[in-house]
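K.L.:
Going line by line, the protein sequences match chains A and B.
My numbering puts the first residue of the first sequence at 424, with every later residue one more than the last.
My numbering puts the first residue of the second sequence at 424, with every later residue one more than the last.
Simulated from the structure, these hints should not be mistaken for laboratory data.
Careful: at least some of the hints might be erroneous.
Same chains, same label: a pair holds when it works inside one copy or across any pair of copies.
Claimed, not checked - Keeping only pairs whose Cα atoms sit at most 25 angstroms apart, straight-line, the calculated PhoX-like set for lysine-lysine is:
#1 666 to 595
#2 666 to 431
#3 431 to 717
#4 461 to 563
#5 571 to 701
#6 676 to 618
No experiment lies behind these values; they were computed from the predicted model shown.
Protein chains: 2
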Amino acid sequence: MTEFDIIKHYFTRQTRQRADVALGIGDDATIVNVPVDKQLVITTDTLSAGIHFPSETPPNAIGHKALAVNLSDLAAMGAHPAWITLSLTLPSFDAAWLNAFCDGFFALANTHDVALIGGDLTHGPLSITVAALGLIPAQKALLRSAAKPNDLIYVTGTLGDAGLALLGLQQKITMDPTIQTKLLEKLNYPTPRVKVGEALQGIAHAAIDVSDGLASDLSHILDESNVGARINVDQLPLSDALKTVLDKNAAIKLALSAGDDYELCFTIPPQHREQLTKLVPCRITCIGEITAEKGLLLHYQQGNPYHGDIIGYQHF
Amino acid sequence: MTEFDIIKHYFTRQTRQRADVALGIGDDATIVNVPVDKQLVITTDTLSAGIHFPSETPPNAIGHKALAVNLSDLAAMGAHPAWITLSLTLPSFDAAWLNAFCDGFFALANTHDVALIGGDLTHGPLSITVAALGLIPAQKALLRSAAKPNDLIYVTGTLGDAGLALLGLQQKITMDPTIQTKLLEKLNYPTPRVKVGEALQGIAHAAIDVSDGLASDLSHILDESNVGARINVDQLPLSDALKTVLDKNAAIKLALSAGDDYELCFTIPPQHREQLTKLVPCRITCIGEITAEKGLLLHYQQGNPYHGDIIGYQHF
């Protein structure tokens, strides 16, 4: 099959069309209409085999995840996803692999009604780059620089599950196969918190998605906002699976350090607390507050400081 | 250096800011303002070492070319480039390499006043994916599907030079070193025909950029427009360098088949011919005309048919 045949066969399977796509796939570029009352939000992320996902990851999960991490970045801005491009580098043409990849990719794309509007197919070591374009009303984006002292700090879902799944895959930790399967689901099929991000428009100050580890990602908010934070490590939301496999301090360490959860961490002024719980469509947990004094202070419930390792994922 | 340090040090060096970038690099995503009277044009292309450029290509040229091929796609739509993202996969951190890459990349970006608004840096075999976003007035895009019978077919610049340079690099053809150097310049530093593309708004019908070979790329216009073409192979624009190295039939074959020239091929209604030569800021050559009868007919000046090989670049 030629590149053109592959694109035609595998990547034009979305049947529902967005009305704002003026010219779809098949020309030198694609044309879309951006609503006049919206700003355009743009992000791009690459996943490479053996680095961002284990080489044995099922292709369906790779397709899901390559899109999910990009939608997660839009969610962290509070943006509504609209269009995506997919640049796929494949070691060989494998019809079964491509079908499964596309199943995972388009299932998530259809869930959020995002249209694939372009891409590129090349030959080489497996690597997937997605660019995602979203829309947001002017001045409504959730910026890393917008946290204020006394803001409450929240995270969605639970933390550390994807990291624990990876440790299981690497056979650094042994666990019950049922639990391993459950955790792998979180590693392979992260849920981008798109609806949460949109619901936070006008309620939250700052937001970021937890891709490199909570402590590392929260530090970006603190640096950009010129503030500090106090985090109660006993409040970190942990799944039953995580609590079953790890003792308390190992669980906390993983919840602070492990990447790949793609939960949102965000800050809200205390007066928005009640409004928040009504609007957000998933589990959220208050884990601490923003302080005027800089630095990230980690403490147990009783107030004594936490001193474990909290190194986030290093890319180089 | 961490990923964040590298991005800060190398990729935030553009000093001139576009006023339409509402939020630049440094958050989960970037925000731009799209003018209300414009449509958004989007393209993405990946270059991989050893496939899209020889491994020994200077990093400065790789930086230029990775951006140029994307700007070329926008040019083929008649769009004005505005913003770009860069996803870079590097085998290792090499300061000298990165500096030279950025020199090439940003020199071209600054020439066209396009702003780098995002990207990603990962570890792996050298590969560069750029997504380019451009703007065009509604209904003004040059579509592959817009060619009409009796349209004249033009190409910009000269054809086959990049292909000949590659044959020289691969030592399949020997040539004078001065000529080789000149041709390498065209292979390594293609000029995206951005101003030509914009000038063609309202004048040309269809357009495409010649990346896979003229015959192959023109065929896309013919297929999408449901028309045919007659091309006079004696009219194909050839550089002095090409004519010095190759005999006539080898030169024609390369001009029809070789990719990587990134010239524009476009069609105009005959009544726009005079207007065209006044507006377009580079060499352009009429090489034939669109026919109602389908198929691509190649002939010599005297009318007798050309029967050489004209296989374009196959991606898989």
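K.L.:
Hint by hint, where does the structure go against what was stated? Just the numbers, ascending.
P.N.:
2 and 6
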